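J.: So you can see what is in the structure, the chains are spelled out below.
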Amino acid sequence: MTSEPRAASVAAMPQAGTTQTGSDHEDDVPSIDEAKTASRAAGIATDVPFGSTVIEVRDLGVKYSLRLTRKTTFRQGFRDLLKRKEGPKSFWALRDVSFRLVSGESLAIIGPNGAGKSTLLQVLAGIITPSAGAISVRGRISSLLTLGAGFDAELSGRENILLAGAFMGMSHQELVERVERIVQFADIGEFIDAPIKTYSSGMRARLGFAIATSVDPDVLLLDEVLATGDQVFRAKSKARVNELVKQAKGIVLVTHDMTWVQEYCNRAILLEKGHIVIEGDPADVVAVHQEHSAAAKAKAAEEVARYGGAIKRP
Amino acid sequence: MTTSTLVYDTSVRPGAFGLIAEAFREIWSRRRLIGYIVRADMKRKGADTLLGNLWWVIDPLLQMLVYVVLVSVIRGGAGPPDYPLFIFAAILPWKWFSSSVGDGVTSVTSQEALIKQVQFPKIILPFAAVIAGIVSFAFGLIPLAGILILAYPERISATLLLIPIVAAVQFVFTMALAVFVSSVNVFFRDVGNVARHVLRLWFYLSPALYSADELNALLNRHGLVGLVLNLNPFTALFESYRNVIYYGTMPEWLGLARVLGLSVILVLLTVYLFKRLEPSFAKVL
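For the protein sequence lines, the chains are E and L, in the order given.
In short: position in the first sequence from 1, add 118, done, that's our numbering.
In short: position in the second sequence from 1, add 1039, done, that's our numbering.
If we strip away everything but chain E, and leave its shape as in the complex, we get:
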């Protein structure tokens, strides 16, 4: 595989932190403030020259073809062809998006539903190939997108760990090293050797979280993953995310939780309809976003009132 561009910086990354992911964090969850300062400090502390580019996105565009939507059949295809059905053939989920993430930064991406936030994360993770523009991401990427959806129901938890790890591109050596750690973190007892189909949804989520966070990434992509499991596990997972945030050279976070944005991130981007509306200090960006969503809410309320009124008075 490709050689690590800056090997020295990897060696400098804290390795020990991962061993203490066990139960000792449950009652001792670091406050968000602590994590924030730590994360900012971590960027400076590593011997990566502060300010070196980790992610660069230039004129990025992602186009979806509407003709090739899910489960097309020949019949529909022919019908559309015969009728020469005109209509929107494609739409841009992202258009002309450019930004740069330097080492030590954490970037929040906010915006209303359907703005292209998750698409952007998928592009950064390499899952979706852009239709226009260029991106470059330096370092090992870990994406915590939807958790546990790719499990094989017939296989045991342990087998799924191996399978998922191999899909994520871990080497055999890394997998062997990590399996026990993942099992411990998921903490689902004897169920680990039972088929996934016997799991509760909470157990699934726990295992998914444990696998996804088992890597020590340089670039961490987060898509609202903290709402998993019970109180205890949630605290534990929050602690693990804090830890990853401290270690990672760059973080891109998609969330609707504005307190998270302001606490964790030192920069934010507001996406609307695939375009960057504003980029800058989290407080400013959140303010604009709240202004916009308040306007949208008012508009929606107005429409509800209108239609609701129409129904009431036939």
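It is worth saying that the hints were derived from the structure and are not from the lab.
As the structure is a computational prediction, the values presented were derived from the model and not from experiment.
Accuracy of the hints is not assured; some may be wrong.
Now the in silico label distances, taken between C-beta atoms and shown as ranges [said to hold, decoys possible]: (1) E:Ala-414 x L:Asn-1092: 53 to 61 Å; (2) L:Pro-1203 x E:Lys-315: 45 to 53 Å; (3) L:Arg-1315 x E:Arg-176: 20 to 28 Å; (4) E:Asn-231 x L:Val-1046: 27 to 35 Å; (5) E:His-410 x L:Arg-1052: 31 to 39 Å; (6) E:Ala-401 x L:Arg-1052: 40 to 48 Å; (7) L:Ser-1149 x E:Glu-174: 33 to 41 Å; (8) L:Ala-1060 x E:Ala-419: 51 to 59 Å; (9) E:His-290 x L:Ala-1060: 19 to 27 Å; (10) L:Arg-1315 x E:Phe-209: 17 to 25 Å; (11) L:Trp-1067 x E:Asp-402: 44 to 52 Å.
Note that the Cβ used here is the ideal one computed from N, Cα and C, for glycine as well.
Once you've looked at the hints, dock chain L against the given chain E.
T.: Using the frame of chain E, we list chain L on its own:
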């Protein structure tokens, strides 16, 4: 390893040969993952059954039995001598082919959730389906050995050692088809339904239950040209399997060489098609 540096530039597109070479590099570098997928697949197929993976051995035997009964009724008993072995030599490779193509159809679409979450080379999915088929083929050699030793010891010959060569040619051909159906099925889910019937018809138009000469005569009688038989890669494949297993003679070298040549071209074409379609998988699924 996860990719250390991920760079996409839409203004730079690799050419056809670049894409094909990339696909083979991906398969090689992810060989361990392919192994995991195959093992998981075997486990899944054995799960929930009393006899588990013993079915891999029993299944071809039962299938042979069905055809022996069926064909003896139709033929009225007058078939080639040692008829069970005669058809077993064709049923075994066909099971591999049909299950690989059948699994190949859904190999990409069934991993929808994973494809949307994790970046990995999708070409390994149909490839793993074909490899899983090889494993079942290898298991099927156990009952073959059993039949030979117990019922037809006089038919055991050194040409049995040539089975892997015939299988290698079949592998390349199967690979081409599995890659093709797996990528097209992402866009048109009809492929699965079509494939099922096409495979069935294909089997009956191949010299599996009959010898090639017999089938040729039969087809001519019904106005179908023997061309069907000559164009069918499974004519050369089945005849070759039958030569080495049943007759104890050399495979049809010329026929095999033709099938191999065709298959290599098909693999290059279908892998190229797959790689061109791959970027839209995550969007369409």
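J.: Does each hint hold? Answer for all of them.
T.: The hints, checked one at a time:
no.: 1; hint: E:Ala-414 x L:Asn-1092: 53 to 61 Å; result: holds, 57 Å
no.: 2; hint: L:Pro-1203 x E:Lys-315: 45 to 53 Å; result: violated, 38 Å
no.: 3; hint: L:Arg-1315 x E:Arg-176: 20 to 28 Å; result: holds, 24 Å
no.: 4; hint: E:Asn-231 x L:Val-1046: 27 to 35 Å; result: holds, 30 Å
no.: 5; hint: E:His-410 x L:Arg-1052: 31 to 39 Å; result: holds, 37 Å
no.: 6; hint: E:Ala-401 x L:Arg-1052: 40 to 48 Å; result: holds, 42 Å
no.: 7; hint: L:Ser-1149 x E:Glu-174: 33 to 41 Å; result: holds, 35 Å
no.: 8; hint: L:Ala-1060 x E:Ala-419: 51 to 59 Å; result: holds, 58 Å
no.: 9; hint: E:His-290 x L:Ala-1060: 19 to 27 Å; result: holds, 25 Å
no.: 10; hint: L:Arg-1315 x E:Phe-209: 17 to 25 Å; result: holds, 22 Å
no.: 11; hint: L:Trp-1067 x E:Asp-402: 44 to 52 Å; result: holds, 50 Å
Consistency note: the structure conflicts with earlier hint 2 alone.
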